[in-house]
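J.: Going down the list, the sequences are from chains A and B. Counting in the working numbering, the first sequence runs from 1 upward without gaps. Counting in the working numbering, the second sequence runs from 1 upward without gaps.
Hints were generated in silico from the structure; no laboratory data involved. Glycine included, each C-beta is placed from N, C-alpha and C at the ideal position. It cannot be assumed that every hint is accurate.
Unchecked claim - Taking lysine-lysine and the DSS-like style, the derived pairs with C-alpha atoms no more than 30 Å apart in a straight line are:
| # | chain 1 | residue 1 | chain 2 | residue 2 |
| --- | --- | --- | --- | --- |
| 1 | A | K303 | B | K183 |
| 2 | B | K359 | A | K88 |
| 3 | A | K88 | B | K228 |
| 4 | B | K29 | B | K254 |
| 5 | B | K254 | B | K154 |
| 6 | B | K255 | B | K229 |
| 7 | B | K254 | A | K137 |
As the list claims (entries may be wrong) - These stretches of chain B come out as covered by chain A in the derived footprint (C-beta under 8 Å, 3 or more residues):
| # | region |
| --- | --- |
| 8 | 108-122 |
| 9 | 165-171 |
| 10 | 197-208 |
| 11 | 288-302 |
| 12 | 346-356 |
Claimed, not checked - Some chain A residues flagged as far from chain B (calculated, every beta-carbon gap over 10 Å):
| # | residue |
| --- | --- |
| 13 | I10 |
| 14 | L81 |
| 15 | K88 |
| 16 | D92 |
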Amino acid sequence: MVELIDVINIGLFAAALRMATPIALASLGGIFSERAGIINIGLEGMMLTGAFTGVMVSYFSGNPWLGVLAAMLVGALLGLLHALLTIKFSGDHIVSGTGINIFAMGFTAYMSQVIWGSRGASVSVRGLQTVSIPLLKDIPIIGDILGSHTPLVYMTLILTVLSYIVLFKTPVGLRIRAVGEHPSAADTAGINVFQIKYLCVMVSGMLAGLGGAFLSLGHLNLFAWGMSGGRGFIALAAMILGRWMPFGAFGASLLFGFSDALQMRLQALGLLPPQIILMIPYILTIAVLAGVVRKAIPPSDYKPYVRE
Amino acid sequence: MIEGIRRVNPEAWHTLREILTKLGLSVRKILPETIAIITAFLIGAIALLITGYPPVEAYSAMISGAFGDVFGIGQTLTQATPIIFTALAFLFAFKSGLFNIGAEGQLLVGAFASALIGISFNNLPVYIHLPLALLAGALAGGFWGFIPAVLKVKLGAHEVITTMMLSYVASNLTSYMVNYPFKAPGWVPQTIVVAPSAELPRILQPTQLSASIIIAVALAWFTDYMLKKTTLGYEVRAVGLNPSAAESSGISVKKGMILALVISGAIAGLGGAGEVLGVHRRFIEGFSPGYGWDGLAVALIGRLHPVGVVFAAILFGALRSGGMVMTRATGVPLDIINMLQALVVILIAAPKLIRYLLKRGGFKW
């Protein structure tokens with residue numbers, strides 16, 4: 001029991017924030033896409049590809065920040081693909097997203113073997129350094145939790161606030177929500193429905209790619225096979241739990257991040273077999289969805305918009 | 001291209017056309033799928049070139065590996081078998097309007113349950129032991145489909161997320177089982193071999209092809225029959241086509257969805273049982289290279305039709321078996337298979353895309 005209590009300390013909360021970061025980023029991505037009326041199941045694959053791209057670019061350039069940029073770019077490209085398939089060619093959102101997910105699994109495993117000769121993991125590359133926020137880190141408890149992280153953790157906090165402002169306090173956000181809720185009305189009002197949709201799905205992919213880059217460059221500094229491990233789907237659950245609102249999604253991501261951090265610490269303790277502990281985040285996700293979702297009403301009807 | 005064949009060799013064109021008509025498919029009908037597959041292979045060839053592998057050698061090793069001799073054909077059919085099951089599983093749920101993307105997990109729990117029955121009894125007669133083990137697989141898979149079904153109809157949890165999450169749970173759960181309580185002596189995480197009375201016979205020695213493929217094909221026929229000719233099938237389709245209309249004509253949408261997902265899971269579970277009892281004769285961790293995802297692609301290429309699924313599964317079985325030969329011969333990483341498969345899914349996801357490509361290529365369609 002003493003050991004179990006040791007697991008729960010301030011370090012756990014700092015780890016929870018860290019593990020929440022990739023989920024929160026992907027979940028913001030989910031919000032942008034779904035607010036504009038496109039379901040993005042491909043978040044998982046965009047994350048995985050982002051994680052791979054980040055490591056690959058850091059490996060060849062020695063600069064992890066170039067890796068982060070490249071991961072965002074590749075995420076946006078996959079977003080563009082999803083947008084083309086679902087908007088221009090009216091494909092099924094879920095089939096297209098699943099195709100992107102399978103592609104990501106195959107592509108990253110293939111390239112990993114081409115570049116590093118191993119399907120399991122890449123070599124270690126230069127990752128993102130942690131920074132300490134001067135005054136914040138000296139505050140007791142809060143400083144221990146918030147004071148020292150990679151810059152991407154702080155960027156995620158900023159992006160959450162920014163997403164809220166963009167979506168709910170600017171004309172662009174009004175347009176995005178109008179396009180999702182009532183595309184034909186938006187069209188009549190002179191909004192370029194297709195442009196907004198493309199933009200949102202690309203932003204969605206970019207955020208998921210950024211989340212992937214954090215997974216690989218912000219923590220382990222390598223790429224491992226299938227390292228997104230369902231976080232794209234967990235991000236969708238966080239989005240639903242957070243009612244398609246940036247702050248809500250961030251809060252929900254904290255919950256999932258906490259379960260992830262707890263899971264890792266319990267594994268290190270070795271009291272239970274790893275497989276049992278690894279199930280925790282997935283079961284929690286199912287439980288959360290089952291518990292709250294009834295009251296969650298999606299912001300769009302997700303039907304392909306055809307101009308009459 | 002097909003026009004080209006007609007011009008250059010009219011006789012071959014007629015024979016080809018006759019064969020295809022006999023299969024109940026006209027060339028025109030499968031053109032989009034054919035284009036999708038060819039396009040995927042072309043993109044794959046470019047990927048191979050960029051990464052420094054010879055595409056022609058790789059693809060010819062793949063084709064001759066998959067179809068070149070009896071052994072290759074046997075292995076192709078062996079690989080096709082679980083894919084027929086997972087594709088039928090996806091198809092069945094899809095007919096009721098549900099996306100079961102967790103066939104992988106249902107296959108795994110089904111496989112483990114059948115292994116458990118297979119290793120637990122030693123002196124049962126074959127006619128009891130084998131059906132019992134198969135049934136256990138179907139029940140376990142069905143249960144794995146029942147969970148997301150109930151969560152969907154009672155609580156509104158989206159099945160895409162829950163079936164996916166349950167896939168991860170299944171993979172960890174079965175991994176735990178064969179690493180701890182049911183681990184056979186030795187290094188490999190696997191169970192001991194099942195009793196001979198639970199084995200599905202091998203039907204093409206020395207390949208691993210087992211009687212599971214007979215079950216698979218029979219099931220494809222039966223699924224077609226069930227969907228078209230039975231009340232259950234009618235209800236499932238009605239729920240998928242128009243839930244509110246179904247509800248107002250007295251069909252329970254909730255019941256239809258639950259049944260569809262349970263049957264879907266049971267089909268995938270039975271496929272897992274077939275792998276354990278017919279091919280591996282035990283549960284080995286990681287025995288599935290992603291049959292669940294194969295099934296999704298195959299169901300789409302097979303036009304969500306049970307007969308189409310069987311043919312598409314053979315194609316994907318060929319990718320898997322030929323892929324292994326290709327990897328041994330040319331060193332191309334096997335994951336190129338998953339890329340090709342994903343490209344096919346992406347190209348099929350949007351039927352308009354193919355039509356657009358055809359128009360660009362100057363085809364009348």
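J.: For each hint, tell me whether it holds in the structure or not.
T.: Hint check results:
1. A:K303 x B:K183: violated (49 Å)
2. B:K359 x A:K88: Status holds; Cα separation ~15 Å.
3. A:K88 x B:K228: Roughly 34 Å between the alpha carbons, so the hint for A:K88 and B:K228 is violated.
4. B:K29 x B:K254: violated (34 Å)
5. B:K254 x B:K154: Within the cut-off at roughly 8 Å; holds.
6. B:K255 x B:K229: holds (19 Å)
7. B:K254 x A:K137: Status violated; Cα separation ~53 Å.
8. 108-122: It is violated: at least three residues are needed, and the region 108-122 of chain B offers just 0 whose Cβ sits closer than 8 Å to chain A.
9. 165-171: With 4 residues closer than 8 Å to chain A, the region 165-171 of chain B meets the three-residue bar; holds.
10. 197-208: violated (count 0)
11. 288-302: Three-residue rule met by the region 288-302 of chain B, so holds; n is 5.
12. 346-356: It holds: at least three residues are needed, and the region 346-356 of chain B offers 8 whose Cβ sits within less than 8 Å of chain A.
13. I10: holds (29 Å)
14. L81: violated (7 Å)
15. K88: Given that some Cβ of chain B is not farther than 10 Å from that of A:K88, nearest at about 8 Å, it is violated.
16. D92: Label violated. Min Cβ-Cβ 6 Å, cutoff 10 Å.
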